[in-house]
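Here is what each chain is made of, one letter per residue.
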Amino acid sequence: MDVFIEIQESLANILDMDKQDIAPESYLVRELDVESIDLLELAVVLNSKFGIEIIDDEIFLRELRIYLMDADENESDTENYLQEKYPFLAKERINEILKSYNDGPVLKVKDLVSYVEWRK
Amino acid sequence: MKLTFTGKNVLIPGGSCEMGICLAEFLINENLFPMLTYRNEKGRNAILKELSSFKGKFEALPLDLGDPDSIDTLFKKIDSPDFLVDFAQSHYENFVASASRDDVYTYFEENVSSRAEIIKRVARVMLEMKRGRLVFISSAAAQVSNPGQGFYAASKCASEALYKNAGLEMGRRGITSVILRPGYADSGRGRAFLQANKENDVLTKVPIRRTLTVTEIAEAILFFLSDSASGFNAAVIPLDGGLTACKD
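Residue numbers (the working numbering), protein chains in the order written: chain L, 17 to 136; chain U, 75 to 322.
Derived by calculation from the structure, the hints in this document are not laboratory data.
Any given hint could turn out to be false.
To be verified - Straight line, CA to CA, 27 Å or less: simulated BS3-like cross-link-like pairs of lysine-lysine:
1) U:K150 x L:K136
2) U:K194 x L:K136
3) U:K131 x U:K204
All of these numbers come straight from a predicted model, not from anything done at the bench.
Just chain U, same shape as in the assembly (with noise of 0.2 Å):
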């Protein structure tokens, strides 16, 4: 099966993170132009390095979430984007109760609010275009989490709703949305997690015994930006080799 896509651009935030990368490098391919966000220095070069081969097939641009004028020049500065694949995600850890006030409004208003903006900015430029792809990476913690996830989890809960209404409410001008669920992923905080907590033995509750690998999300995103799944929308789909399909 060839893939075939209808479109071009690819904003990509969070994109500095090594799925985003990953990814970009499978659109380029697919004479596809990813336009990734980074937050910060290492961010940028992370991307610069990566992708260094592939000079003038992508884009790198800043993007601080927890600033509203930094989404408004990000939108000045890119073309339409025909597909837009959300990795974006500031990090915080804490019991429920221990979280100070001021924390949880930060995060959420970066985690929650910012994104609801982004959907609306590109859904409407979308709408003139009357088609376009949303993808948004959540995580298997958005259906059972870890304690100390809990405000990563209502971040990625509410942010999903966010995508499937978009979906579901301009389905009908050919804007669709798919929400992708991994699990245990060999990169970035997965990593970091599964080597805090080797003696835990986490991988026993996955039934394939096996950490994703950021090939094989790249991959997956990318059949969902394809003509192939436009029959899915306002979809959640788990990838986390049954992980939360499982009870023990």
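Chain L on its own, in the form it takes in the complex (with noise of 0.2 Å):
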């Protein structure tokens, strides 16, 4: 079963749209108009097509912001913090957010791939 596929046809399926605008590199909200109700649902499918429990905290990234905050507040390095909250996202993944946070919303679609890899 690639995740991936998976991921991508469910995400087709609950957004009503075609499966090639979908790619591992495409932001949820940024792109894809994703919402909280779409996520919810998503979350609920992903939990039903891998037999994974899913905490919707986790793997929509939702508490980034507070995160942030907490390794700001605590000057703590931020990078190796994030790594042990999102124990499930790469090295490069973590650099990656922590230079585009600031455009938006950073959750991608390779992150939901990458939460249920580590999950199975």
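From these two lone chains plus the hints, build me the complex, please.
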């Protein structure tokens, strides 16, 4: 079961859009116009499809800004702090997020793939 | 008007109460399948006794709101609910300034936090089916309460907000909610209260000058579960003979 293909299919279904418009690098909120109810539905579908527990706040990086503020307040190394909070994301991805979070919601389809693979 | 229903399984937390059992009979007559929960042996026995002539047409399951494992276990056992009718409520009456901290914490955990967990579980199952109906049995006390009912009223108000929000968050996906606020009813706690307060002539505060019957409340719930009521969503509806509309 190719995780990306399954997630792509689920998203295409939920968002009523073409599969080819959904790539691993697609931003869910910024580009695909995903809303909270879509994310909720996606979490339910992924739980069902892969038989894994999905923690919505984790997979959708909901608390990213809180973590960034915490790291700042405690003067911790932000990269390591985020790595701890998001063990399913690769170091390169964390750095990518740190460079782009001011431009809007950071969540990409490839993050969902990482989460599911980590949970399996 | 003949009522029609989309779905079959009706999860009824707290269904061991008189209203729950009465509703279960109506549901069975409509070919729906009630899954009633009980907290203790007394509740279980009440369900099995009153519904003894309907073997195989309902289920009785344990649910302890104070125990998260109990909620887990329940959801492992049941078929996907198409409807939720929530009567579950534990009892606690005390002046706000008298209550013990532990009692308060436990009470809100059981009657608000656990309820949130149940709504979440049910809603996520309903999301997969893209339809579902949630009915919360609140109380007129959520609007006007009596001394000693502060915690009861608080938990009902908080729970109402959860149900309202569930309906407005998921309405687009076909999941809707209705909140009923029954007034003085001739059953359970209501009957006990009225008997304890006979001298105060409580019913003079009710414009229709009578208590509600268990049957009419169950019939109202049945209506709100039906397709005819699907336009109601995130709605709070008093069922109190005019009690809360009335100043004195």
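Status of the hints after comparison with the structure:
{"no.": "1", "hint": "U:K150 x L:K136", "verdict": "holds, 21 Å"}
{"no.": "2", "hint": "U:K194 x L:K136", "verdict": "holds, 23 Å"}
{"no.": "3", "hint": "U:K131 x U:K204", "verdict": "holds, 25 Å"}
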